[in-house]
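As given, the protein sequences belong to chains A and B, one line each in that order. Going by the numbering used here, the letters in the first sequence line up with residues 6 to 268, in that order. Going by the numbering used here, the letters in the second sequence line up with residues 21 to 265, in that order.
Hints listed in this document are in silico derivations from the structure and should not be mistaken for laboratory results. Treat the hints loosely; a few may be bogus.
Derived DSBU-like pairs (lysine-lysine); straight-line CA-CA distance at most 30 Å [to be verified]:
#, chain 1, residue 1, chain 2, residue 2
1, A, Lys127, B, Lys27
2, B, Lys249, A, Lys246
3, A, Lys253, B, Lys121
4, B, Lys232, A, Lys253
5, B, Lys121, A, Lys16
6, B, Lys249, A, Lys253
7, B, Lys199, A, Lys191
Among chain B residues calculated to face chain A with C-beta under 7 Å, some are [stated by the list, open to error]:
#, residue
8, Val92
9, Arg94
10, Met221
11, Gly223
12, Leu225
Here chain A is said to cover these stretches of chain B; the calculated rule only asks that three of the stretch's residues, wherever they fall, bring their Cβ under 8 Å from a Cβ of chain A [stated by the list, open to error]:
#, stretch
13, 112 to 120
14, 124 to 132
15, 208 to 214
16, 228 to 239
Just so you know, even glycine gets a beta-carbon here, dropped at the ideal spot from N, CA and C.
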Amino acid sequence: MSSLVTRVRLKQIELLLQKGKRLDERGLLDYREIKIEQGLIERAEGSARCLLGKSEVLCGVKVETGEPFPDTPNEGVMTVNAELVPLASPNFEPGPPDENSIELARVVDRGIRESKAIDTEKLCIEPGKKVFVVFVDVYVLNHDGNLIDCSALAAMAALMNTKMPNYEIKEGELKIKQGYTPLPLKSHPVTVTIGKINNTLIVDPWLEEEQVMDSRISMALNDEGNICAIQKGGSGYFTPKQILEASKIAQEKVAELRKKLDW
Amino acid sequence: MNDKPEKLIDKKGIRLDGRKADELRPLKLQVGVLSNADGSAYIEHGKNKILAAAFGPREMHPKHLAMPDRMVLRCRYHMAPFSVQERKSPAPSRREVELSKVIRESLEPALFLELYPRTGVDVFVEVLQADGGTRCASITAAALAIADAGVPMRDLVVACAAGKVDDTVVVDLYDAEDKLGAADVPVAYMPNLNAITLLQMDGILNHEEFEKAMNMAMDGCKKIYEMQKEALKTKYMVVKEVGEE
Numbered sequence: 006m007s008s009l010v011t012r013v014r015l016k017q018i019e020l021l022l023q024k025g026k027r028l029d030e031r032g033l034l035d036y037r038e039i040k041i042e043q044g045l046i047e048r049a050e051g052s053a054r055c056l057l058g059k060s061e062v063l064c065g066v067k068v069e070t071g072e073p074f075p076d077t078p079n080e081g082v083m084t085v086n087a088e089l090v091p092l093a094s095p096n097f098e099p100g101p102p103d104e105n106s107i108e109l110a111r112v113v114d115r116g117i118r119e120s121k122a123i124d125t126e127k128l129c130i131e132p133g134k135k136v137f138v139v140f141v142d143v144y145v146l147n148h149d150g151n152l153i154d155c156s157a158l159a160a161m162a163a164l165m166n167t168k169m170p171n172y173e174i175k176e177g178e179l180k181i182k183q184g185y186t187p188l189p190l191k192s193h194p195v196t197v198t199i200g201k202i203n204n205t206l207i208v209d210p211w212l213e214e215e216q217v218m219d220s221r222i223s224m225a226l227n228d229e230g231n232i233c234a235i236q237k238g239g240s241g242y243f244t245p246k247q248i249l250e251a252s253k254i255a256q257e258k259v260a261e262l263r264k265k266l267d268w
Numbered sequence: 021m022n023d024k025p026e027k028l029i030d031k032k033g034i035r036l037d038g039r040k041a042d043e044l045r046p047l048k049l050q051v052g053v054l055s056n057a058d059g060s061a062y063i064e065h066g067k068n069k070i071l072a073a074a075f076g077p078r079e080m081h082p083k084h085l086a087m088p089d090r091m092v093l094r095c096r097y098h099m100a101p102f103s104v105q106e107r108k109s110p111a112p113s114r115r116e117v118e119l120s121k122v123i124r125e126s127l128e129p130a131l132f133l134e135l136y137p138r139t140g141v142d143v144f145v146e147v148l149q150a151d152g153g154t155r156c157a158s159i160t161a162a163a164l165a166i167a168d169a170g171v172p173m174r175d176l177v178v179a180c181a182a183g184k185v186d187d188t189v190v191v192d193l194y195d196a197e198d199k200l201g202a203a204d205v206p207v208a209y210m211p212n213l214n215a216i217t218l219l220q221m222d223g224i225l226n227h228e229e230f231e232k233a234m235n236m237a238m239d240g241c242k243k244i245y246e247m248q249k250e251a252l253k254t255k256y257m258v259v260k261e262v263g264e265e
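All chains should be modelled from the sequences, with the hints used to inform the complete structure.
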């Protein structure tokens, strides 16, 4: 944020925003081009790649068996992990996950979990003992801003592409049978991120805007259009009025994203 | 622990712990509780017991993290292993890393970062006992610790949550309501600037419920804000009395 170049850029972006324009010639409430491809990784039970402009996220889903949590013995388990792979940006470094990748994973996780997207009760094999565990791994391949929306789309597309192994229980032993069934889904949340630059709200901030923006707010909406997760980020603030405006914008943008998921 | 009550709110609108929908838990705020920190605060918010300490503005360590044009704020939110029902490993969890980040981002808008280039302020928050809503209580205490350290601020930051329990929007959820309720919306707020510096949500709310929850949380913030100011004044009133003798 503090380098001289970004400050000059900020001035330029601010001047453009006053005229309702953006550096990449989009409207204030426009998304960049979205492309989603499913099933690219044969080894994974589900996979998808999402391109949001030049931002690129690959998401793989692995389904394994494991133990349920003691407080939810009849439910399968879902975990989300995010990797900011060093090849995606000169600012990403190898090593244990930093706060940015942890936040990204947890925001994607919250959208899927709180909307009850996965019907976890159908993932139970033997109550209290054995359930299916769904690992959602978000792999950022190119960082050009708004990784939250891009990752949430990729994760949802990958889950919609996920096939579960068929099984039967013989004498207490789990036997995998031939064939697959789709992962049981109850909802298809999508996440809309809105950035704030100098009191102007913009949808889908890309890298240059992200580097100068005050703050962002991400909202996940479920199939009914209700809000199921929110995360404010960045070191600026929002007025209550701006938040309600952002929530309206999010509601308007949802249909467009959902169409990309073919839902 | 596993027996879930059927209703979290009775017919008269009274919650399990005896509160009304818009009633906060009892709060106790104290400033200047640690002698080695530049500023410190202790909060008891319901059964939450949280200590916050601020150090700085001081030289950044390690030095390469210093910014040439502004101050760096660092926050660490940490839960004591004995603060929850089942022992929590003292190693930072993913939840704590995320909360440290959002707490920092909720405090930054209150500070004049650009006035203290090359320096750093460190804020350490230790949750000694948790009972739901620790991130909010942590922010309330951390803002007091920073103010107590004498770092100029645009306003105090105060935080409070609201949420949905049994189809009713209520303020300041405690542990059981947080776990069994339908939604939780923590809000951090600077009342004088009408600025929201933290907003998160989990659970499902429609837009009307969300707006109501946000407003309820902000009303809760305003009440706690008065207590924050009182706590700061109290510390210096004691000093004055000693000086008068």
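Consistency of the hints with the structure:
1. Lys127/A to Lys27/B: Distance of about 26 Å is within 30 Å: holds.
2. Lys249/B to Lys246/A: Holds: Lys249/B and Lys246/A sit about 26 Å apart, inside 30 Å.
3. Lys253/A to Lys121/B: It holds: about 26 Å lies between the C-alpha atoms, which stays within 30 Å.
4. Lys232/B to Lys253/A: 15 Å, holds
5. Lys121/B to Lys16/A: Given pair Lys121/B, Lys16/A holds - Cα atoms ~27 Å apart, limit 30 Å.
6. Lys249/B to Lys253/A: Violated. Lys249/B to Lys253/A sits at ~35 Å, over the 30 Å cutoff.
7. Lys199/B to Lys191/A: 21 Å, holds
8. Val92: 10 Å, violated
9. Arg94: Arg94/B check fails; min Cβ-Cβ to chain A is 11 Å, beyond 7 Å.
10. Met221: At about 4 Å, which falls below the 7 Å cut-off, the nearest Cβ of chain A leaves the hint on Met221/B intact, so it holds.
11. Gly223: 6 Å, holds
12. Leu225: 5 Å, holds
13. 112 to 120: holds (count 5)
14. 124 to 132: The restraint on the stretch 124 to 132 of chain B holds, since 4 of its residues have a Cβ under 8 Å from chain A and three suffice.
15. 208 to 214: holds (count 3)
16. 228 to 239: holds (count 5)
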